[in-house]
Structure formats: structure tokens, C-alpha cells
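Residue-level listing of the chains:
2 protein chains.
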Amino acid sequence: MFDKIKRALLGSALNNEAISGEKYSVLWGLPILSSDAISSVAYAVPEMLIVLIPAIGLASYHYAVGIALCIIGLMMILVLSYRQTIEHYPNGGGSYIVAKDNLGVYAGVTAGSALAVDYIMTVAVSVSAGVEQISSAFVTLKPYSVEICIVIVLLLMVGNLRGIRESSRIFGIPTYLFIFSMLLLIVTGFIKVITGAPIVHAQTPPGYYGVGSISLFLLLRAFSNGCTALTGVEAVSNAIPNCKEPVRKTAKRILLLMGLSILVILGGLAFLTNIYHPTPGEGQPALIVQMADMIFGRATVFNAAIFYFISGSAFLILVLAANTAYSDFPMLLSVMAQDGFMPRQFKTRGERLVFSNGIVFLTTIALLLIVVFKANVTRLIGLYAIGVFLSFTLSQTGMFIRLLRTKEHNWLPKALINGLGALVTATAVIIIAITKFGEGAWIVVIIIPLMVFSLLKVKKHYFAISKQLKLTAEELKDFDLEHKKYRNRVIVPIDSVNRSSVRSIRYARTISDNVVVFSVTIDHEAELKLRETYAKLNTDIPLIVKYSPYRKIVEPLLEYIASEEYKYETGDIITVLLARFEVKKWWHRFLHNTTHFRITRNLLKHKHVVVSTIPLQLNDDDDILHSEKYNPTNEKPW
Amino acid sequence: MFDKIKRALLGSALNNEAISGEKYSVLWGLPILSSDAISSVAYAVPEMLIVLIPAIGLASYHYAVGIALCIIGLMMILVLSYRQTIEHYPNGGGSYIVAKDNLGVYAGVTAGSALAVDYIMTVAVSVSAGVEQISSAFVTLKPYSVEICIVIVLLLMVGNLRGIRESSRIFGIPTYLFIFSMLLLIVTGFIKVITGAPIVHAQTPPGYYGVGSISLFLLLRAFSNGCTALTGVEAVSNAIPNCKEPVRKTAKRILLLMGLSILVILGGLAFLTNIYHPTPGEGQPALIVQMADMIFGRATVFNAAIFYFISGSAFLILVLAANTAYSDFPMLLSVMAQDGFMPRQFKTRGERLVFSNGIVFLTTIALLLIVVFKANVTRLIGLYAIGVFLSFTLSQTGMFIRLLRTKEHNWLPKALINGLGALVTATAVIIIAITKFGEGAWIVVIIIPLMVFSLLKVKKHYFAISKQLKLTAEELKDFDLEHKKYRNRVIVPIDSVNRSSVRSIRYARTISDNVVVFSVTIDHEAELKLRETYAKLNTDIPLIVKYSPYRKIVEPLLEYIASEEYKYETGDIITVLLARFEVKKWWHRFLHNTTHFRITRNLLKHKHVVVSTIPLQLNDDDDILHSEKYNPTNEKPW
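Here the protein sequences line up with chains A and B, keeping their order. The first sequence maps to residues 1 to 638 in our numbering. The second sequence maps to residues 1 to 638 in our numbering.
Chain A extracted, bound-state conformation (with noise of 0.2 Å):
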């Protein structure tokens, strides 16, 4: 049933060899290694907007402008330091191998960490901002946000399970819609200024424009904000491989192009937005919607058009930047698992060539936030953005090490861009973590160096495990000698003398010659019956009885088994055998005591103990019954 729905979900399994992929040219790689970095222009001037307006009011969109300068220019160090990464990692340079090759283990995995924790944020806060979008497009979609959400994150977790190809070119259509639509609204945009069009300003609530003058915390509050313009610039370095040859000349040109991208969307749209005075914030529509309506409006069939494709291709490429997430993050952790810092079950692929376990780990997450933050940007924001300049940082710096030690030709210049770039990142991970801490960024705080610790503990104990795995040369030499020195005792716990009993007694006949029937009694009648029952069989096999005056079951069994009658030498093995009724139907699981499972648990914490379940098939109660007249009434029960 549960397999059935599986296979109708995801598909039937894939063979290991279908594992292969289209390499990216430009022209397709352009769009789709750089959603996740153009998408998130969408929500980063509306967040600049939103922190300034209600304390320094119109004077907002004035220095907008200038912070989405600041970020460009902070845009532009980052791609020059990229390239440089592209340069010496053609096999993908992820901020995790990066750091952990050039600055050691503890700054990779700390890397890795700020990494993992903002995949998750973008699938969250693109998700979000995508319902913004149409919601703010059909107002009717408003009160369902958060049940939205949830659904098309869930549909991004089966597409996922069922193994979406990201370099299917279907993904690259939506990033070049949304570079058109921005061009088309930020061109329109300007030429109604030129042509001196009025300009309608959007009605405000009362007390919407703040009165208060501009402080420095407040600018880099939005600046804060902004740069979460910037989350995704580094996934190109990750997709190096996938790139067509020369790989590295064409992962170059991609990242210009996205950068020049970047430049204009975010560049344009900060300028619009100081003519036109958008005005995002709680209840209010999405900010691109807004300038759409106020450009374009919906008077015309035509005009409604244009004003729908621009909210709609907004909407799709912030999805397909979560979409991204879904193959950068599983894949992340598979890396970190093969070095032993994350559990196994993140490093293998599933059935469908997928990582189906860190799809799962990072859809439960992102849905958490979206349903705890209730699916708001504007909230959700607070907690973005440090883990991604964290691993700038860490990345950046990795590569200016690793010019210091390498001192290749012409390693000066190229030392000072990746400096520059880690010094720039690093104070942008300090302003982040300072002015947004109140706003979530503690949790991050919080959560990244715990992360750490925990992947150190866990590369800890597989390593701790391997050692006590490990064989030695000698062992394995005396192999077929060594098991001839074990003996095997079984103890065969049994209720009553029944065909499942004597199975089970006579199984245990067939692995050992040493057997131990034992039962747990607690009244003494129950016992004397038992005797006389198991008398019948007329075997040489011991019964034990033990009266349990306090009607446990377990513990006598356990008693025994470390008790002096039973004592236990050195290199015997117990077998404890327990039969177990396997049931038809599902409900009649509650009607079998579950001792078999605390007998099971309690026996396996010892040292030199087997335990085994010889398992009996019941039939249908029906087919049992079939043919004879059953009466409630007569029959005595079991």
C-alpha cells in the first residue's frame, strides 16, 4: 500500500548507471546556476525599504539607492574573488572544500554548517516571497500564504525524491522570463519618467512614513537586509564540472553574466523605487507587483497582461531558486558525509539517484520556518544571509592562504582581490549578525557553532567505531580455529505448550544440543499445568519455571540468564529464542503483548547474548473460522 503510493510518487527505481548529466553551456548555465542569486533581488529592496521607512520615512528610498550601490560594489569583489576560486577548484570549489583544504578541518566544517543552514533559509524565504508575489497579484490568495507554501514545498520535495535533473533546460526558462519581465518594467519605468507621465503614488496607512532622521545602525540594518541580494553568488563555483569545456572560461563568463545580471536588476530597481515610492511592509503587496501595477496598471487586456506575466515570472523564479537549494543542500551534506561529519544516511543516493534523505532532512526545516514564521519575508529575513557571507568569508580567505602559500605567478594582485573580498564579507557577516541579532540572527548564532560541535562529535564516533571494527592480521589468521572454542546455549522462553512453543523448542534443537525451556509463572497453579502439559512431550529438553511474585516478565528471564544456574563462560554465546505471532490485519498488533519487544531490548544491551524470533504466520481470523459455526457465546478464549 504505502510502497504502491511511493512508486506512483517518485517513480520506480533508477539503475546506478543512469547517473550522468548535460553539461551547461552559457547560454543555458546562465540561468540556471544564477536563479537563486537574480531571484533574491526580489525580496532584498523591499526588505532594505521596509527597516528604513517607518523610522527616516520618504528620505528611504533616497538612500536605498546608495546602500544598493554599496551592495553592487560588494557584488563586484565577490565575482573578481570567485573567478580566482574557479581558477583553482575546476572539480567545484564549495566554500566546505575550500576552507577545509586551505584553513583545515574546523573552518570547512564551520563553512559547510553556514552553508547547510542558509540552503535552508532559501528554500524558506524564496518559497515566501514567491506566494507574496501572487498573492499580492490575487489578493483572494492571501489568508492561504502559509498553505501555500507548504504545498509547493512539498511539491518541490517529491519533484526532487523523484529526481528533477537541475540542468534540465525547462529550468533555465523562468530566470531569462524574470530578466526580461525586470527589463521590460525597468525600462518602462524610465521612459514614462522621461516622457514626463504622471506618477501615481500608492496610498499609504496613516503613520506608514516614519519621521525620525537617519542613524548609522539603521543604514546598516538595511544594508543587512540587502545583501541577502547576494545569497547564491557562489553556486557557480559549486557546478564547475557541469560546465562544458573549458570549463573554467565558461563558469567564468556565467558568473560575469550573473554579476552584470545582478547590476542591473538590483541597480534599476533601486532607482525606480526613488521615483516611484513603492511601499512594501505588513498587508501591503509585494514590491515588484506594486511597481508593475503602478507602471503598467491593469486597465488594458494588454496591460493586465504585462502586469501578470511580471508578478507570474517573479513568482516562478523565486521558486525555482528554492528549487536549487534542493539540489545544492542534499549534495553538500552528502560531501560532508563522506568525510564522516554528517550520518551516513546522507551520503548514499536513493532509489530514484537522488539524495533522498537530505531532501526529506531539508524539506521538514524549510517547512517548520515557513509554518513558525508564519510564511513573512520580513520575518523570516532576520535569520538570513549570515551563513552565506560566513562561508564568503571562510572560502575567500581560504583562497588568499592558499595564494600566500602557493605563491603563484602573479600571486600578489590576486592574493589582495580574495583578501579584499574576505575582508569585506567578514565585516559583513559582523554588521549582519550585530544589527539584525535581535531579529533572529541570534538564532543563527546560536545554531551554527552547535552544528559544529555536533558534526566534529559525529566524525568522533565513526572514528571511534572503525577502531573497534578493525581486525587485526592475527585475528584474521586464527578465523576457522577461533569458533570452534564457542559453545551456543539457547534458552527458549515459552507461555504454554502450544505449536508455536514446540516450534520454537524444536528449532532450537537444531542449533545447539545444550536447550533451556523457560517459563515465567505467577501463580502456581498456572505452573503446575504448564508441567504437566510440557510432560507430554516426553522430551529430555529442561523446563525452568520461575514464580514471579510481582508479575513481571522480563526481569526473571534476565535473572536467570546472570544467575549462578545459569553461569555464563567465557566464549559461550546465548541464544534466546522468542516466538512472535505475525498478524494479518494491523489492529491485531494491540491484542499480542508487546514483551517481545522489551525482551528484545533488554537482552540486546548484553554482552554475549543472540536473540531470535522465529516468527509465525497467523491466518486470517476469517479463514480460520471459515468453515465452522463460531459462536461468541460458547467459545472460551485464548
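There's no promise every hint is true.
It does not matter which identical chain is used: a pair holds within one copy or between any two.
In silico SDA-like links for lysine to any residue, alpha-carbon gap of 20 Å or less [stated by the list, open to error]:
| id | residue 1 | residue 2 |
| --- | --- | --- |
| 1 | K552 | P54 |
| 2 | K585 | H626 |
| 3 | K460 | L616 |
| 4 | K244 | G283 |
| 5 | K407 | L420 |
| 6 | K249 | R83 |
| 7 | K460 | G159 |
| 8 | K374 | T364 |
| 9 | K347 | T533 |
| 10 | K244 | L256 |
| 11 | K457 | L625 |
| 12 | K4 | L154 |
| 13 | K460 | D623 |
| 14 | K605 | R499 |
| 15 | K552 | R344 |
| 16 | K585 | I624 |
| 17 | K584 | L216 |
| 18 | K457 | D622 |
| 19 | K6 | V583 |
| 20 | K249 | M294 |
| 21 | K470 | Q338 |
| 22 | K529 | R499 |
| 23 | K584 | L184 |
| 24 | K470 | L625 |
| 25 | K584 | K605 |
It should be emphasised that the hints constitute simulated quantities derived from the structure, not laboratory data. Only a predicted model underlies this, so the values are computations on that prediction, with no experimental measurement involved.
Position chain B relative to chain A; hints supplied.
Coordinates of chain B only, in the frame set by chain A:
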């Protein structure tokens, strides 16, 4: 850890011999056995008024007296009927037994189900009503009603799991306190009227008193609510064996005195309300608290003391009534489980000699009801009383049929009494079901048949099992010969050659000469490596390696067992030996694959398979890595 908490809460286990009870004299039997019945007056009276007042206003008080008189008449018939049950069933005449004995198994199971439902309702209603009393006296507690109810139910659970003895005299005191406080209230109330003291009626919210006219339906609905006053009347007939010799006489006296107490309190309270016009309802104080306030007030310390004494004793007796459900419900379940109608887990006493599973089950459902109905007596009452009256009806009908059949001395008048009892209670069931159908009775109308259906299914299952387990004399005889036919073959699935898998293979050797080592690989390189290390073992045990192109782990093993290569021969048992790591810390469990569980679950569905688990006790990571320098950078993961 868990065990320690349990021990501290519940006390240590009690010996079988500790089971023996004090016998009830009339003096202590009366309060202990009648707390449930007498306490129900506390909610029956206001719930009658709550139905009437919004419809017909002040006339309600008048009608309530009439309805109370009807209910007292009904009670008298019940007392007479139950005297005869006591005569015939000196070993305890619960409805389940009387109905099953005389009307057959279906009627018995119906009576048992109905009673079980109402025991659960008793806990929910009594505790909610009790908390209403104290939160009316201390209004600051009002917002926490649900929480207080939950705490009380949990305390009742813990107390009963520890084994509070119902027979303990301490449980008789609150009943006497309540009877005394009610007499004080009623007598003082009448004296005040006779002496002409002024009566101040309570302030009521506008529209509190309805202005409609009376209808039959309304009267019957008020009657239905009033019938809750009779819940608990059956308690004496259940507990006859616990009465002092001569048991019949003692029990009858207790029953009579209980009837008298209810007569006085219900009648007296109804008459008083007709004078004092208390105003029960949502947001209003509890009726008894209102009456105490009007008759005594809190003007002097002495008056206030009486006021709090009355409120407090009402609270105490209601909680005590819930406690009697805690001893009766698990006992009923146990009796039904002994007949095979309930899961076996309810049959036997736990460590503290109480029916722990029944107690926990009762608590769970009662808590659920309290939370869902927000501890609101008026809402809960919709579900109440049908069960009790249905079981009254079945029990009285049973007595009627019995007398018709036995034709004992003086049978005709006796049969008439039981017949009348059956008739009036059946009428009450119909009235309650119809008038309260929309208020929640529909839930009970659905649940009782469902329960009956399930209980019959349970018995059928147990019977089908006993058929399958039964051994013929023939089978018993051949026992010692039979086992020699069996052959035992062992499959040892391994991941790699390590200390754990080598230990498994060695154990396998001791239990059979026919051992196969089995492994699944998802790439050919791993297979080569495995074969290489396995060769070092220098053993003749064959190694089978299956390549799994779909990365499935469990399925290839199952396929191998089912395959031609490993053909099953009649009588063979295939033992699959699984190694399992037993880790020291709880979170380490997440670091290991759950394949073990999946394999076990799948294998246990087979007919001729035994699943053996060989645990490997892992040491604490720190113990292993203690002596050496562990460096996460250098160590290869496992």
C-alpha cells in the same frame, strides 16, 4: 532513568499476596460506594435549569421541581430492581455479567461497552464539575479550568497506578462531608424562608431569562440532563463481594441509604432553587456555590467558613466520584478481557497490583474529552447518561428474563419490578438519545455499536489464534522424532569484513554447517575489495555478493532467499543472522542505518525464516579515543 522516575511516582512492585481488601460495613460502604451517585446531583440540578431558563425563564424553577420528583421516582424503581440483582448475584452483578448471563453474549457486550463509555464520561464530567466548584469560589482560577482538570486527572492516574485502595476509609469522609454540607444548606435555606429573612436574587445578564413557553421536548431534554443524577447507582451491585457478611443484607442497606440520600439532596436542592432562583449558565458560578453564597454569604468569618466548606466538599466528592470510575473501569475491562472481548493487556494486574493499562487508557480518553470540550460540563453532559441507562436497561431486562425462567418463589411481583425498571430505563435511553442527539449523544450512539463490533472481532481473533496454536495428541507424541527432520541453514549478511561481521560468521558456524555469507554492493570496486579482505579469512564458508544496480539493500537479500540458488526445502529453516551495533548514547542511533529494522520487518513475513540479532556492544567514543591523539583532520571516516 525512566525506571527511576516510574519507581518514585508509583512506588515499588507489590507482591501477589498483597491482594486482599477490607470488607465494607454499612457505615463505610455507604460513602465509598455512593460517592459517584450522590455527587452527580451537583451537576444534574443546574443542567436541568440550563436547558429550561433560556426558553421559559422563571417558570423553569417550578418545572425543575417536577422533573426532580420524576427522577426520584425513577430512582426508587431502580433501587427496588437492584435489590433483586443483589439477591441473585451475591458475587457481583455488574450489568455486563447480568446481561451476558440472561440475555446472551451480545447483550452482555453491549452493556459492557455502554458502561465503559459512561465510566469515561464520569471522569470527564465529575472532574470538570468539581473544578467548576472551586473556580466559582475562587474566581481567579477560572481561566485555568482546563489545566486544573488535567492536573487532577493526572493525579488520579498516578494515585491509582500506585494503587490507592478504594476500600480505604479516607475515601468515605468526603461523601459524609458533602451529605452534611448539603443538609446544612437545605435546612438553613428552609429556615431562612420560614423565618421570613429577605432573599436577594442574583444579578442576571440581560436576556438571561427566556420568555417562551414550555414544550414537551424541552421538558424531556431537562429530564435527560437530570437523569445524570442517577449515574453511579449501579456501583453497589458491582461491589457486593466486598461487603461484610451477610453480604446481601449489607449491600441492600447501603443501596437503600444511598437512595434516601439522593432523595433528600436532589429533592431539597430542587425545592430550594424554586425559592432562591440561582442562575446557572456559561460564565456563572456553579449552582451549589451560588446557593451557598445566597444562603450563607461571606459577610462574617463564620459565614465565609461555611461557604468555603460547602464549595470545598462539593469539589472533593466530585473528584472522588471520578476516582471510583478509576477503580470500576479497569475492573470491567479486565472482566471483559478474561472473556476474550478486550485486548489481553487489560487482563492482568501490573506491578502495583492494579490494572495499569486500563487506568492509563481511561486517563487518555478522559483527558482528550476534557481538552476537546474545554472542561465545560454543559457541553460534556450531552454525551453522558445514555451509556448508564442502556446498561440499566439491559441489566434489568436480564433480571426480568431470569425471573421468568427460574420461576422462583414469589417470582411474579419480582419480575414486575424488574420489568418496570427495564421499561422506564429503556424509555429514558430513548428520551436521552433523541433530546440530546444534537448535543453530542450522536457520538455515543455511533461509538457503542462500533465498540460492540470491535469487541466481537477481538474475541474472534483470539479464538482463531487458539485454534491455530492447539496441538493434537498426535503432534505431541512425535515431538522428539520430528526435530531431526529439520535442517537449519544460515545466511549472514555483511557490509564489510570487520570485527562485528567476523563475530557473526563465527556464531553462524556454531549453529549450522550450512552457512552462507551474503553481501550487497552498489559498485564493482567495492565488491573486489570485499572479496579481497574476505579471502584473508581463509575460510570455506562461501561469500555471495550481489550487485544492486538500484542501490536497494534489503530486496536483494529477500530475492536471494526466494531464488533458485537458495531453494527452500520442506522442513528447512533459514536463519538470517544480523549484526547490530548497540551504541552508548541515544543520539548515536541516528548515525547508523536503519537497515536492520527494515530487514527484520520484511523477513518476519516469511514462513520458514528465523531472524537472529547479534549485538555488538560499542564502547563510549571517549573511552576508545582516550589514550591516543585523535585529530579530525587526519582520520579517514568509517
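key: Violated hints - listed by number, lowest first   = As far as the earlier hints go, 1, 4, 7, 9, 17, 19, 20, 23 are violated by this structure, in ascending order.
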